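Asks: Per the working numbering, residue 1 is the first one in the sequence shown, and the count goes up by one each step.
Where hints are given, some of them may not hold.
The calculated lysine-lysine pairs, modelled on DSSO-like cross-linking and capped at a C-alpha distance of 30 Å, are [claimed, not checked]:
| no. | residue 1 | residue 2 |
| --- | --- | --- |
| 1 | Lys-191 | Lys-96 |
| 2 | Lys-165 | Lys-121 |
| 3 | Lys-47 | Lys-191 |
| 4 | Lys-165 | Lys-152 |
No lab work stands behind these hints, which were simulated from the structure alone. Quick caveat, the model's predicted, so the values are computed rather than measured.
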Amino acid sequence: TRSEDDDSKIGYLEDKTVPSGSTCPTFAACTLWVNNERWEGVPFILKCGKALNEQKTEIRVQFQDVPGNVFKDAPRNKLVIRVQPNEAVYMKMTNKLPGLSMDTVISELDLSYNRRFSDLKIPDAYEALILDVLKGDHSNFVRDDELDAAWKIFTPLYIKLIMKKIAPQPYAYGTRGPPGIEEFVSKYGFKRPTQEYNWPEHKINKL
1 TRSEDDDSKI
11 GYLEDKTVPS
21 GSTCPTFAAC
31 TLWVNNERWE
41 GVPFILKCGK
51 ALNEQKTEIR
61 VQFQDVPGNV
71 FKDAPRNKLV
81 IRVQPNEAVY
91 MKMTNKLPGL
101 SMDTVISELD
111 LSYNRRFSDL
121 KIPDAYEALI
131 LDVLKGDHSN
141 FVRDDELDAA
151 WKIFTPLYIK
161 LIMKKIAPQP
171 YAYGTRGPPG
181 IEEFVSKYGF
191 KRPTQEYNWP
201 EHKINKL
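Let the sequences and hints guide you as you build the complete structure.
Replies: What follows is the structure in structure tokens.
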């Protein structure tokens, strides 16, 4: 639907070029499990969508609460691998503030490529892939069996959505997605941080 903050940002169904009554999904979320001993019981929550509050591609690992944690309601630690924009690997950690108080603060262990390697040209994703094509290197490409497995999982679901004409849940332009997404991810153990976090400005010495 139309943005709550900017009337110029219209929703998908408000676009005059979109057929009336279209049920084309612009947001999807699902939870998958890997059937092996290492990942037993670990939910993999996949989300993607258009016209969200942020445009990014990342893997976000949220660790479980620490048993017997003396810091009540402390945010969970996270490991984030950001593919785009601005490639980075960082870990958000809850630490006790130095001193006699028992207050906590979120800090980070951060490897941001554009700051750490500011003097180097970091190729875009497709630049690297095109070079791999020319070199005949398949290591960064999806294999046929991976594609087959993905289609076997999602094709039956897609057909069911079409046959039953299930309408997607609406959401406003510039939000996290449909209102039901918070309930969906919390059902699988994800916790939204209770503390606000702002990235500090760092002055990184050049290599």
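Asks: Does each hint fit the structure? Answer for all of them.
Replies: Status of the hints after comparison with the structure:
1. Lys-191 x Lys-96: With Cα atoms ~20 Å apart, Lys-191 and Lys-96 stay inside 30 Å; holds.
2. Lys-165 x Lys-121: violated (48 Å)
3. Lys-47 x Lys-191: Distance of about 15 Å is within 30 Å: holds.
4. Lys-165 x Lys-152: Distance of about 21 Å is within 30 Å: holds.
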